[in-house]
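Chains C and H, in that order, are what the protein sequence lines are. Numbered by the working numbering, the letters in the first sequence go through residues 5 to 116 in order. Numbered by the working numbering, the letters in the second sequence go through residues 102 to 212 in order.
Check before you lean on any hint, since a few could be wrong.
Only some residues are given here: those of chain C computed to face chain H with a beta carbon under 8 Å [said to hold, decoys possible]: (1) 45; (2) 88; (3) 92; (4) 94; (5) 102; (6) 105; (7) 114; (8) 116.
Please keep in mind that the hints were generated in silico from the structure rather than gathered at the bench. For glycine and all other residues, C-beta sits at the position ideal for the given N, C-alpha and C.
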Amino acid sequence: DGGITQSPKYLFRKEGQNVTLSCEQNLNHDAMYWYRQDPGQGLRLIYYSQIVNDFQKGDIAEGYSVSREKKESFPLTVTSAQKNPTAFYLCASSWGPNYGYTFGSGTRLTVV
Amino acid sequence: GIQVEQSPPDLILQEGANSTLRCNFSDSVNNLQWFHQNPWGQLINLFYIPSGTKQNGRLSATTVATERYSLLYISSSQTTDSGVYFCAVLYQGGSNYKLTFGKGTLLTVNP
Chain C
5 DGGITQSPKY
15 LFRKEGQNVT
25 LSCEQNLNHD
35 AMYWYRQDPG
45 QGLRLIYYSQ
55 IVNDFQKGDI
65 AEGYSVSREK
75 KESFPLTVTS
85 AQKNPTAFYL
95 CASSWGPNYG
105 YTFGSGTRLT
115 VV
Chain H
102 GIQVEQSPPD
112 LILQEGANST
122 LRCNFSDSVN
132 NLQWFHQNPW
142 GQLINLFYIP
152 SGTKQNGRLS
162 ATTVATERYS
172 LLYISSSQTT
182 DSGVYFCAVL
192 YQGGSNYKLT
202 FGKGTLLTVN
212 P
């Protein structure tokens with residue numbers, strides 16, 4: 005079945021560590037996105053990529069980095085520069101910006 | 102940037118009741134989507150509806166783009182309809198394309 009796989013589902017990070025969240029899709033979508041969701045809030049865009057080897061900052065890119073070396077993969081690194089990383093992270097993909105989005109099941113990141 | 106406002110913020114229903122959720126947006130959009138987030142966090146795309154009306158089973162949606170609002174109708178609600186419903190719109194500013202989400206409507210359907 006086609007879809008988006010995010011891993012891990014739960015992740016614990018120590019202060020000062022970088023961690024990488026995985027996002028893989030087999031829908032052959034060109035565009036991929038990373039969103040952050042805080043409790044009781046909507047989703048905020050971190051980074052997006054419309055094509056391989058290209059990505060753009062969203063509204064809250066500080067403290068995060070991404071790569072898009074393959075069409076099916078869009079990993080997100082949460083760096084030590086991100087001061088408040090505890091949140092629910094959602095990855096999505098679509099054929100392009102004017103198409104419906106498909107979301108993964110998310111990764112819950114907690115700083116310990 | 103574009104503003105997206107959803108109402109009501111919270112809604113409690115008895116099973117079998119009907120409901121209407123509203124999404125207002127502040128500028129022209131090319132893309133409007135409704136999502137349902139279940140209690141485990143999974144976001145399911147319900148409708149891609151930049152204009153017009155669509156129906157899928159007990160759910161239907163209408164977007165009036167010229168008046169900058171969209172409505173999501175849920176008929177004969179079931180407990181499995183509980184969760185958060187998000188409206189999201191696409192704002193095209195220069196070369197940037199980003200789907201902007203409202204804060205959601207928390208729906209609770211009681212048996």
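Exercise. Going through the earlier hints one by one, which of them does the structure break, listed in rising order?
Worked result: 2, 7 and 8
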